[in-house]
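With the hints as extra help, turn the sequences into a complete structure.
Going line by line, the protein sequences match chains A and B. When we follow my numbering, the leftmost residue of the first sequence carries the number 1, and every step to the right adds one. When we follow my numbering, the leftmost residue of the second sequence carries the number 1, and every step to the right adds one.
Keep in mind that the hints were calculated from the coordinates and are not lab data. Hints should not be assumed to be uniformly reliable.
To be verified - Straight-line distance between alpha carbons at most 27 Å, and here's what the computed DSS-like set of lysine-lysine pairs gives:
(1) B:3 / A:57
(2) B:57 / B:71
(3) A:105 / A:56
(4) B:3 / B:55
(5) B:55 / B:18
(6) B:57 / B:70
(7) B:3 / B:53
(8) A:105 / A:70
(9) A:56 / B:3
(10) B:3 / B:71
(11) A:51 / A:105
(12) A:105 / A:57
(13) A:36 / A:57
(14) A:105 / B:55
(15) B:53 / A:36
(16) A:59 / A:36
(17) B:57 / A:105
(18) B:3 / A:105
(19) B:18 / B:71
(20) A:36 / B:3
(21) A:70 / A:56
(22) A:59 / A:105
(23) A:59 / B:3
(24) A:36 / A:70
(25) A:36 / A:51
(26) B:57 / B:3
(27) A:70 / B:57
To be verified - Some chain A residues close to chain B (C-beta under 8 Å, calculated; not the full set):
(28) 10
(29) 33
(30) 42
(31) 43
(32) 48
(33) 100
(34) 101
(35) 103
(36) 104
(37) 105
(38) 106
Backbone N, C-alpha and C fix where the C-beta goes; we use that ideal spot for every residue, glycine too.
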Amino acid sequence: GQQVMQIPQYQHVQEGEDFTTYCNSSTTLSNIQWYKQRPGGHPVFLIQLVKSGEVKKQKRLTFQFGEAKKNSSLHITATQTTDVGTYFCAGPGGGGSNYKLTFGKGTLLTVNP
Amino acid sequence: DVKVTQSSRYLVKRTGEKVFLECVQDMDHENMFWYRQDPGLGLRLIYFSYDVKMKEKGDIPEGYSVSREKKERFSLILESASTNQTSMYLCASNGRTRENLYGYTFGSGTRLTVV
Chain A
1 GQQVMQIPQY
11 QHVQEGEDFT
21 TYCNSSTTLS
31 NIQWYKQRPG
41 GHPVFLIQLV
51 KSGEVKKQKR
61 LTFQFGEAKK
71 NSSLHITATQ
81 TTDVGTYFCA
91 GPGGGGSNYK
101 LTFGKGTLLT
111 VNP
Chain B
1 DVKVTQSSRY
11 LVKRTGEKVF
21 LECVQDMDHE
31 NMFWYRQDPG
41 LGLRLIYFSY
51 DVKMKEKGDI
61 PEGYSVSREK
71 KERFSLILES
81 ASTNQTSMYL
91 CASNGRTREN
101 LYGYTFGSGT
111 RLTVV
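The following block contains the structure:
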């Protein structure tokens, strides 16, 4: 079945450093979504990318979708303590459904103030 | 503000009990989902529903069933709770937005402990 892999599993940075997490799918995706889960919280939808090569920005966060639509990345510039949490990518499909998401296992980001 | 509400934040149940986890959304979404989240295993799909009275198995349906009698409500049932079902259970819904997005809205989760 479809697999979505994320690296790294953990990342610890000093406040002000940059951070990047990478997502790779075993199949071509119609779109890719990113979520953030704060410690003790639930996943919150951040963004959806649809087009090949698409780049979107949300303040200090930059999301990219690969040309082949099989990989994606999330880059945070100048991390802050509020960025702490687990970042998940997710791709639709698998099992014949375009609404069912397969999630990566996430990258846990910790930030040292 | 759109909401997915899960009936309990914490639950403790005994082995062998029948357990009901309730989820209600107020966004008129067609699709609803139940995931469980365990350390090191990420989010795993148990069941989902794309319409009233419709359901499909996810990746780990064994030991679970679901019910969707109304569009806004999706229930997860543990037929006979076991200790390996101790987990965080997350309900989510999605539907087409004006921006043609399909992002999930998650509930706050139910942390179930089976003793």
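Against the structure, the hints:
no., hint, result
1, B:3 / A:57, "holds (26 Å)"
2, B:57 / B:71, "holds (18 Å)"
3, A:105 / A:56, "holds (22 Å)"
4, B:3 / B:55, "holds (21 Å)"
5, B:55 / B:18, "holds (20 Å)"
6, B:57 / B:70, "holds (19 Å)"
7, B:3 / B:53, "holds (21 Å)"
8, A:105 / A:70, "holds (16 Å)"
9, A:56 / B:3, "holds (26 Å)"
10, B:3 / B:71, "holds (14 Å)"
11, A:51 / A:105, "holds (23 Å)"
12, A:105 / A:57, "holds (23 Å)"
13, A:36 / A:57, "holds (15 Å)"
14, A:105 / B:55, "holds (25 Å)"
15, B:53 / A:36, "violated (31 Å)"
16, A:59 / A:36, "holds (15 Å)"
17, B:57 / A:105, "holds (20 Å)"
18, B:3 / A:105, "holds (25 Å)"
19, B:18 / B:71, "holds (23 Å)"
20, A:36 / B:3, "holds (17 Å)"
21, A:70 / A:56, "holds (17 Å)"
22, A:59 / A:105, "holds (25 Å)"
23, A:59 / B:3, "holds (25 Å)"
24, A:36 / A:70, "holds (20 Å)"
25, A:36 / A:51, "holds (21 Å)"
26, B:57 / B:3, "holds (24 Å)"
27, A:70 / B:57, "holds (25 Å)"
28, 10, "violated (11 Å)"
29, 33, "holds (6 Å)"
30, 42, "holds (4 Å)"
31, 43, "holds (5 Å)"
32, 48, "holds (5 Å)"
33, 100, "holds (6 Å)"
34, 101, "holds (7 Å)"
35, 103, "holds (4 Å)"
36, 104, "holds (7 Å)"
37, 105, "holds (4 Å)"
38, 106, "holds (6 Å)"
Hint compliance for this structure: hints 15, 28 are not met, and every other hint is.
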